[in-house]
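S.K.: Each chain, letter by letter, is given below.
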Amino acid sequence: MIRDITIGQYYPANSIVHRLDPRVKIMCTLFYLISLFLFKSVLGYAIALLFLSFCIRLSKVPFKFIVKGLKPIIMLLMITVIFNLFLTVGGDTLIQIWKLRVTTEGLRTAVFMAVRLIFLIMGSSLMTFTTTPNALTDGIEKLLAPLNIVKAPVHEVAMMMSIALRFIPILLEETDKIMKAQIARGADLESGNIIQKAKSMIPILVPLFVSAFRRASDLAMAMEARCYHGGEGRTKMKPLVYRKRDAAAYAITLVYTVTAVLVGRYVSFHIWIF
Amino acid sequence: MSIKLEHVNYIYSPETAYEKQALSDICLEIPQGQFIGVIGHTGSGKSTLIQHLNGLIRATSGVVYYEGRNIYEDGYPLKELRSQVGLVFQYPEHQLFEISVLKDVCFGPANQGLPEEECVARAREALEMVGFPEKYYDQSPFELSGGQKRRAAIAGVLAMHPRVLILDEPTAGLDPRGRDDILNQIARLHQQSEMTVILVSHSMEDIAKYVERIIVMNKSSVLYDGKPKEVFSHYQELEAVGLAAPQVTYIMHALKESGIAVDLSATTVMEAADSIEASLKKAGKETVGTV
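Heads up: the protein sequence lines correspond to chains A and B, in order. Going by our numbering, the residue at position 57 of the first sequence is 57; the numbering climbs one at a time, nothing skipped. Going from the second sequence to our numbering is simple: count from 1 and add 274.
Please note that the accuracy of each hint is not assured.
As the list claims (entries may be wrong) - Which chain B residues stay away from chain A? Per the calculated CB distances, all over 10 Å, these: (1) K278; (2) Q295; (3) I304; (4) Q325; (5) Y350; (6) G360; (7) Q386; (8) A395; (9) M434; (10) P450; (11) N492; (12) S553.
Stated by the list, open to error - Taking lysine-lysine and the BS3-like style, the derived pairs with C-alpha atoms no more than 30 Å apart in a straight line are: (13) A:K68 to B:K278; (14) A:K71 to B:K377; (15) B:K278 to A:K180; (16) A:K60 to B:K278; (17) B:K555 to B:K530; (18) A:K199 to B:K353; (19) A:K199 to B:K278; (20) B:K353 to A:K177; (21) A:K177 to B:K377; (22) A:K197 to B:K353; (23) B:K555 to A:K180.
No lab work stands behind these hints: they were computed from the structure. Where is the CB? At the ideal position from N, CA and C, for every residue including glycine.
From just these sequences and the hints, can you work out the full model?
M.R.: What follows is the structure, given as structure tokens:
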């Protein structure tokens, strides 16, 4: 049921990707995401696919698990595809139904958009699967440290992010529990029209909000009790240090980005319309 | 008229790194009207077990029968089952959501499709059964004390008139007095009606006083299943798996070892006191006789 939502979850495994410095993973993911938007031909996507499958293999996260993370974006994916398919102008007309026209350009954009979105989600969820929320925050904090000069509250933002990430599974579990409790009391969550369905969410949302606020206030209390006072003068038990494998990861990603972008943009290679 | 489990297995998150066998090959029969205690350590599978009894989670393999009918069969009225087998979750006060206590208790009966007057009547009756003070009926459930919230939540399930009542750790987080109050009320309920009551707990002390049958869960399977006296006679094995028999059991064994002929199967303080008294009297008579 609700346990199936995997976005933002950590998947424990013993792999080189898990051991990488979080900064490396964040930067590499960023490079990878940017590269996805620079391709013009199918060749670039092929290279991206190779790179992505290589990373997934290395990370030892089951492929099935990553695919599960795509479930929540299916709707978004469909809408994107349909809009691009019918509303893009240009190119030859392939099919025409009444006023709706599917052109080669439309099909091309729709397919590329879908692939891009899927790669995007898979790539970024690979990062969260292999990095604990704590490591992720450390990484973000370190990467954004230069912003401290302009008095941006980098530490606070990083802390808020890590708490938010940490709370995703907790709140999911809580939702699951509350749903079960209300189903046990005969609540009907599935049937009825949209208004009835929205109404049937009240018995779940109210307790969920109450518990979220309770948890937030408990956490604030616990942080206060341990003298948390923000980032100033705070040291780390395990400071981030770059190692050889991190340099190697940077190198591989750089090689990937350069080849993929160059090949994807400038080598003209076309299969049919793509 | 019973719940029957046959070779029930349940695995959480199969085929992932979080895979965990929560129940393995559970076979149980729960006849109508029994007062049962389910005991076990955190993570022993007791909460998972009870969620099978009203079909909230579906066994990975195996069958659950309610009154002889397989609840996994196509078209089985699960909603009906859930109103017959009432389940009170751990910390049930976390499920309260209405603007007044009375309305919240009405939620269950209203879901059963009963008319409003009937719902209110049942809610009042259920609140009375759990000893909830009438002056708070129209208060927001969020303004109550912990113990009162718990009562209101239990009443929310009772108002559905279940034939089987399952309570998961109903006393967790309550003070000793609140704990005794709630347990006594549950025991009284069981005596007054013909309800089956299943009480889940990790405290032997809580359970020993009330139940007629104890099911001990350990590492996802049933370790012991029998009358409290029988189960507690395995007190050394219970200790080995991190559970303890009631304190009385230890005292009785210590007394026996020091030469006082007491009844080892006493499980409550009253029984123990009677047994000690009897054996002391007997010993007294014997000494008088020899003199």
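S.K.: All hints, please: hold or fail.
M.R.: How the hints compare with the structure:
no.	hint	in the structure
1	K278	holds, 20 Å
2	Q295	holds, 16 Å
3	I304	holds, 17 Å
4	Q325	violated, 7 Å
5	Y350	holds, 15 Å
6	G360	violated, 7 Å
7	Q386	violated, 6 Å
8	A395	holds, 17 Å
9	M434	violated, 7 Å
10	P450	holds, 24 Å
11	N492	holds, 24 Å
12	S553	holds, 48 Å
13	A:K68 to B:K278	violated, 35 Å
14	A:K71 to B:K377	violated, 37 Å
15	B:K278 to A:K180	holds, 22 Å
16	A:K60 to B:K278	violated, 41 Å
17	B:K555 to B:K530	holds, 15 Å
18	A:K199 to B:K353	holds, 19 Å
19	A:K199 to B:K278	violated, 36 Å
20	B:K353 to A:K177	holds, 18 Å
21	A:K177 to B:K377	holds, 21 Å
22	A:K197 to B:K353	holds, 17 Å
23	B:K555 to A:K180	violated, 56 Å
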